[in-house]
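Visitor: Sequence:
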Amino acid sequence: MHLTKKQVEEARNVYNLYWDSYIKGDVDSFASTLDNYFEMIGTSEIEVCHNKAEGIEFFKGQAEELIGSVEMRNREINAIPVEGMVLVNEMCDIYVLAETDWNFYSRIRISTFLRETSDGWKVVQQHGSLPDMRVQAGETLAIDKISRENIELRDAVKRRTAELESKNRELEVETALERVRASTMAMQDSDELAEVSSLLFQQLKELGVN
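Residue numbers (our numbering): 1 to 210.
Derived from the structure by calculation, the hints contain no laboratory data. Just so you know, not all the hints are guaranteed correct.
Per label pair, the in silico range of CB-to-CB distance [unchecked claim]:
#: 1; residue 1: Met91; residue 2: Phe58; range: 19 to 29 Å
#: 2; residue 1: Asn51; residue 2: Asn168; range: 49 to 59 Å
#: 3; residue 1: Ser106; residue 2: Phe58; range: 18 to 28 Å
Backbone N, C-alpha and C fix where the C-beta goes; we use that ideal spot for every residue, glycine too.
Between the sequences and the hints, there should be enough to build the whole structure, so can you do that?
Guide: Right, here's the structure in full:
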C-alpha cells in the first residue's frame, strides 16, 4: 500500500501529539494516540505494555514524575512509510530538571510504528533504548569492560565477606569471654574454679583454639 505525503504527515502529527501529551501529563490526549493493540518496550525493566489499557495505566503512573521535569532536546526525527504503516525513528537528548537546573540525562533512541485506523493514525508499537555508555567506538558489546567490572565486583564481595567473617569471629570471642566472665563473677569459693577452668577450655575449643 502506497502512502501519500499527506498520510505520512498526519502520522507524524499524531506522533508529535503522543510525546507532547506524554511530557505534559495530558492523559486524554495521550490515550487518543494509542492503538487498541498498542505494544511498548521501554528503556527500563518495568516499561512493557501489551495493549492500550496497559499503556494508559503506565502513563498515569509516570505522569506526576514527568510533568515539568523532562524535556526532549536536539530531536532528530525521520518518518518512513513501511508496508502501509509509518515508522518514525527518533534520536534526541533527554534533559531533567534537578531543583532549578536542567541537566543532561541521556541520549535516547526511539522507534515507533503508527497505523491508520477508522479513527485516524494510532501508535501501535514503540521501542526505546538508551545507549550503553560502556561500549566504545568500534565495539558492539563492552566485553572487556564488563569482565573488569565482574572482577571488581567479585573482589568487592570477597573483601566484604572477609570483613563479615572477621566481625563474626570477634562476636564469637566476645560471647565466649562473656560466658567465662559471668561464671567467674558467679563463683562463690575456690572449689568452683575447676568448673570455670573447664568452661574456659570448652569455649577455647569451640573457637578452634588448641
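Visitor: A separate judgement is required for each hint: does it hold in the structure or not?
Guide: Consistency of the hints with the structure:
1. Met91 <-> Phe58: 19 to 29 Å: holds, 23 Å
2. Asn51 <-> Asn168: 49 to 59 Å: Because 52 Å falls inside the window, the suggested range holds.
3. Ser106 <-> Phe58: 18 to 28 Å: At 19 Å between Cβs, range holds.
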